[in-house]
Amino acid sequence: MKLLIANRGEIAIRIMRTCRELDISTVAVYSEVDRNSLHTRYADEAIKIGLTKASESYLNIPALLSACKKIQATAVHPGYGFLAENPAFGKAVEEAGLVFIGPRPETMSLFGNKLTARKTAREAGLLVLPGPDQPLSEHSLQSQLGDNLSFPVLVKATAGGGGKGIRLARSQDELAEVIDLAREEAFAAFGDGTIYLEPLVQKARHIEVQILGDGKGEILTFGERECSIQRRHQKLIEEAPASELTQEERAWITSAAFQLGKKTNYRSLGTVEFLMDENRQFYFIEVNPRIQVEHPVTEMVTGVDLIREQIQLAFTSSLSMIQSDIHCQGAAIEARILAEDPEKDFLPTTGEISYLKEPGGPGIRVDSSLYQGMKISADYDSLLSKVIAWGNDRKTAISRLKRGLKEYHIGGLKTDLVFLTQILESHPYQTGNIDTTFLDDFEPKELIPEETLTRYAAVAAALHIHNKRKSKEPQDLGDINPWRQKAWQEQTNAGS
Amino acid sequence: MKLLIANRGEIAIRIMRTCRELDISTVAVYSEVDRNSLHTRYADEAIKIGLTKASESYLNIPALLSACKKIQATAVHPGYGFLAENPAFGKAVEEAGLVFIGPRPETMSLFGNKLTARKTAREAGLLVLPGPDQPLSEHSLQSQLGDNLSFPVLVKATAGGGGKGIRLARSQDELAEVIDLAREEAFAAFGDGTIYLEPLVQKARHIEVQILGDGKGEILTFGERECSIQRRHQKLIEEAPASELTQEERAWITSAAFQLGKKTNYRSLGTVEFLMDENRQFYFIEVNPRIQVEHPVTEMVTGVDLIREQIQLAFTSSLSMIQSDIHCQGAAIEARILAEDPEKDFLPTTGEISYLKEPGGPGIRVDSSLYQGMKISADYDSLLSKVIAWGNDRKTAISRLKRGLKEYHIGGLKTDLVFLTQILESHPYQTGNIDTTFLDDFEPKELIPEETLTRYAAVAAALHIHNKRKSKEPQDLGDINPWRQKAWQEQTNAGS
Amino acid sequence: MADYRVYVGNRLFDIRIEKDLLLVNGDQYKFDLESINGNGLHILRDPIRNVEAYLQSNKNGSYDIQIDGIHLSAEVVLGFQNQTKISDKNKGLVISPMAGLIVDILVKKGDYVQEGDTILIQEAMKMQMKIRSANAGKITKLHTAIGDQVNKGELLISLDAAESLPTNPNDPQPMRK
Amino acid sequence: MADYRVYVGNRLFDIRIEKDLLLVNGDQYKFDLESINGNGLHILRDPIRNVEAYLQSNKNGSYDIQIDGIHLSAEVVLGFQNQTKISDKNKGLVISPMAGLIVDILVKKGDYVQEGDTILIQEAMKMQMKIRSANAGKITKLHTAIGDQVNKGELLISLDAAESLPTNPNDPQPMRK
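Residue numbers (the working numbering), protein chains in the order written: chain A, 163 to 658; chain D, 163 to 658; chain P, 160 to 336; chain R, 160 to 336.
Chain A with its partners taken away, still in its complex shape (with noise of 0.2 Å):
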């Protein structure tokens, strides 16, 4: 058994942890700035498929299918992202005579259209947000918004994922441009710019399901998740159970899911997400079919390990454990580390990691791609890590992520780790009044007051000069004297 992962960075590590547990080797694919990645390492074999632009690399579909052939491989994880929904790469890699990881290419085209996935889950006895079931059209947009939809209102890529392609239109007077945004966006991003709209719930939170499927009508469901902490519709903090769920709801929505994953006859993992709007109504919005960035959550609370299950379906066709099997205790938070400058709207940030410690101890997981000496480059997804906490309650949690996220000392590399524990130390995080607009108000608070920290940082720069001037040879004092000094005034500066 050979598994080749298609993907990189802390999925394709986190897949590789459990093959090494089952004595399964692996075979990772890199493209040319990755070839240092630690996933690269983490393999038993590694090759190279093409260069650093994703559409020559793991976008590239003959190229993975080619390593494949070269290395012999007899099966497929394509972990998050990339190319895990595209039916084509599905289909490919079944008709090379290779497991696909994964559910039936027929049922990520079904999912992948947003459209037909509205309908199936109506069909299926889910709630599904008004809104019209065909693609938005230059002529068609006039009668639409004429019809049943009032600002603000969401124009979302019906290929979309990961909350790229979903965006706002506040009022009639933007709604072209965000129109353009939107398409321009997609076709980016899915090679697909059909958009449709949809009505924006106000204080919605983001509530999914986790179910896992036999592809012959079995359905495990493992739990809820919410995920309403996001900035740019990308999940930034995740958390199971959902906070002050009734059991009625919690059951309403797990039955939900069931039921859509019994109507497509579901095969392997996947997610139905829903949204909650202010009366507690649970509205679907997508199927997931994949693992999801947020999975350790639910391996936290319930002890499983869902990339094993995965795994373990895709080579043996049957499940392992039955629905009564799977108790969830506790209560588990996930933080996403990403190279970006929260203080700067999240701009993305690069640089050569200089230093690492990574935290530990009781109750915290990381599941993380970084090493010391590791540049990040600017070329794909900004996340790096995430550190998840388990404690007996949500208190606990959040305190123990707290804990986690302060040992965690990335040198060489602005991130979001300060902007994470003041959302987990804001009075709504924790009393779990949260909602999907939580970010777009929230005002963070200085957690070290500034006089100390700047006279720190003060004395520290002072007595780094001061300390390289005693050691230094007298004629090499002039790199910091104050006719140097007017050199460098002359130099270009980044600017922040």
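Since the hints were made in silico from the structure, they are not lab data. Cβ coordinates follow ideal geometry from the N, Cα and C atoms, glycine included. Honestly, I wouldn't trust all of these hints.
[Claimed, not checked] Covered by chain D, per the in silico footprint, the following chain A stretches (three or more residues, Cβ under 8 Å): (1) 181-193; (2) 407-420; (3) 442-448; (4) 508-520.
[Unchecked claim] Pairs of lysine-lysine, DSS-like flavour, derived with a Cα cap of 27 Å: (5) A/K210 - P/K285; (6) R/K311 - D/K326; (7) D/K326 - R/K285; (8) A/K231 - R/K189.
[Claimed, not checked] A partial selection of chain P residues facing chain D, derived with a Cβ cut-off under 10 Å: (9) N169; (10) L171; (11) E193; (12) S194; (13) I195; (14) G197; (15) I202; (16) R208; (17) N209; (18) E211; (19) Q215; (20) L265; (21) L301.
For chain A, the structure is supplied; the task is to place chains D, P and R on it using the hints.
For chains D, P and R alone, coordinates are given in the frame of chain A:
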């Protein structure tokens, strides 16, 4: 509330982690050589208490008390080792009006002397090993030997702990030398050279029960741990639960530990240690009146933070849970990462950690004191870090732990990482066929074909020199030319 | 004896170091700084605290400093002479705030822009960001073209500032409303 | 073109490097080595594998190499000349195998020792270890005294080897039977 941790290394950090989660501010103490150690940075405050030698720092009671006073600490946690089992320290802390987080000093005195401990255990209805209840004196040696002892025999310090001060004499011939060595070592380690003799139990398994008492008669038990994999009578790999124990056996030792706790009105955390002989009979060995190195395996199977319960109890004098709240789920195994070279009979190693990558992912916990740039000196214990793996069953926990150890990359220092993996890969370990003599005739199998491995090493070395030569100016090439080569050969070599 | 003037954000610290004596704006402290690993990790130690500080010294003589995960910039000027800060010298330049691809340029030489006008669109990590001008002025030179892969800190566009008002730096804005 | 003779343990590798061509004992391989972080981490890459290797080059020109956690020593000799290994040059020297305290010295100048005799007791990390002689011979000089704190690799004792048999290195033995 301000807690001073009178310890160093991983256990100091472990305690501070829980304090952070509980919002208790922490004070680290450090010796000269530890001024850059991780625990000094983890704490909110850090005080230097003396020179490198333990007797002038971590064992220096007046220095510790004066640090408490200076920094206005309100409580002291002793960790394990150093003063953790020293009744005089507990007493001094309490007399200074501070909370001592540990058993009452009387309890430490009682169990600190192995002979009074045996007596107490017998009175509580526990089985103790046959042997005299008297310390060994020169004039009683002959009579004791004549009495009820046969070789091999263990020479044990009455003040021993943590495997220190225990030596084996295989025959009358070597007894005198072994007694001298044991006395010397015991005096050096505990300031008390009193020793006694105990029969060696063949094929014994080391099994222990974790208890927590409120000092008012309430005793909680947290299941058992097995610690049979030992080198030099010091534990190397520990697990919970003990494998292949029947429900009756489990109930028996749990009840025995409970009875002993009851009888001594036990306060705080403690471990009751047993030997199980070939007839599956349990003999009391000793009580460790403190947190233990291997406590994380219990934490992973119960989900309870033992340090949290211990601190909480010390401040409130009441337990936060009842026995029926405590359930064990799955299996957990801990491996100790040591600055020792198993190929050289566990010779201590020293050096600087030039590169560090610690394990992560599902079911892995790391309790570490390491950081990149750390200088490992020979001044204290060789324990650097612990990796603990949890799985639904023992088999999964073993696979996870193997995976975790393989992920642990420590540059600049030899450790026992490979050796630990070799133990886990061995058939006897995997089938639970273990006892305290496991390592005596253990023959590790090579993990990588020697030919592949040595070829990699040779190519790496050749390419390294080759690349260096390519990148250098011509005149620098001489640095590896045959002429220089000759000069090197005159130099002193470490001989390994 | 040595004197240093250190700017951290809007704060100014005059630091005097004389053997074991350290004065910050006239107040006495006991600090020492030790480099831990040659990779930027330092410990800033006072009698009751060990603080981790990562220091990265930039080419222009300023420092990026990280304390408890919080990033700060510091600029050290030797002596107590009253000098201008380095960061005040960037008026009229549009600098790339990140590594990435130039996907669009919305101005050409000779155009007149207002402060806050979007002049470029840059892409990194699958996100497109608007790069705005920090000053009003007339575009004098484009140093980049569509399709260029640029580094952080690279000069993209020069402009002749009609007025030199002390405005915000070149903070980029993500492309959303 | 360059030739290297590399000793790893008992194995000998003759390695020829010529542009992209690499021959190991005559067999052709495709390998490249890249330094990752200046802290010893390297990647040894062939067309289907990325292997992590930590390299530490010692003062005496040998390498400590760690691959998949397994430590090896390698010695590189430039060219295919038949030279003696560095490690064969230590006969008659007792070298400290670890950093630690000398707690006892069991021999004096002029004593005659057998191979395997305990000649010193050293303490580190709270453990006492017996240091044995790898050769038989007559003690010619003590370079250390009881109570000394010594480093790894420090010369402790010299002896005049009566016979120069090719015996085991100075492996220390812990003090237990």
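Hints versus structure:
Look at the region 181-193 of chain A against chain D: 4 of its residues bring a Cβ nearer than 8 Å to a Cβ of that chain, three or more, so the hint holds. Residues of the region 407-420 of chain A with a Cβ under 8 Å from some Cβ of chain D number 0, which does not satisfy the need for three, so the listed coverage is violated. Under the rule that three or more residues need a Cβ within less than 8 Å of chain D, the assignment of the region 442-448 of chain A is violated, with 0 such residues. Coverage of the region 508-520 of chain A by chain D holds in this model, with 4 residues showing a Cβ closer than 8 Å to a Cβ of that chain against a need of three.
Distance restraint check for A/K210 and P/K285: the Cα-Cα separation of roughly 22 Å lies within the 27 Å cut-off, and the hinted pair is therefore satisfied. This hinted pair checks out: R/K311 and D/K326 have alpha carbons roughly 25 Å apart, not beyond 27 Å. A threshold of 27 Å between alpha carbons decides the hint, and for D/K326 with R/K285 the separation of about 9 Å falls inside it, so the pair holds. Between the alpha carbons of A/K231 and R/K189 the distance comes to roughly 20 Å, so the proposed pair stays at or under 27 Å and holds.
Contact between P/N169 and chain D, as hinted, is not supported at the beta carbon level, the nearest pair being about 27 Å apart and thus beyond 10 Å. With a cut of 10 Å, the hint placing P/L171 at the interface with chain D is violated, because the nearest CB-to-CB distance is about 28 Å. Because the beta carbon of P/E193 sits about 6 Å from the nearest beta carbon in chain D, less than 10 Å, this interface hint is met. For P/S194, the shortest C-beta to C-beta distance to chain D is roughly 9 Å, which falls under 10 Å, so the interface hint holds.
For the restraint placing P/I195 at the interface with chain D, the shortest Cβ-Cβ distance is roughly 4 Å, inside the 10 Å limit, so the hint holds. Here the hint on P/G197 is kept, as its CB sits about 7 Å from the closest CB of chain D, short of 10 Å. Evaluation of the P/I202 hint against chain D yields a held restraint, the C-beta minimum of about 6 Å falling below 10 Å. Hint on P/R208 holds. Least Cβ distance to chain D is approximately 6 Å, under the 10 Å limit.
For P/N209, the shortest C-beta to C-beta distance to chain D is roughly 4 Å, which falls under 10 Å, so the interface hint holds. A least Cβ separation of about 5 Å between P/E211 and chain D falls short of the 10 Å threshold, and the interface hint therefore holds. The beta carbon of P/Q215 comes no nearer than 15 Å to any beta carbon in chain D, farther than 10 Å, and the hint placing it at the interface is violated. Interface hint status for P/L265: violated, as the beta-carbon distance to the closest one in chain D is roughly 44 Å, over 10 Å.
Proximity of P/L301 to chain D is violated relative to the hint, the smallest CB-CB distance being about 37 Å (cut-off 10 Å).
Of the numbered hints stated above, those contradicted by the structure are hints 2, 3, 9, 10, 19, 20, 21, listed in ascending order.
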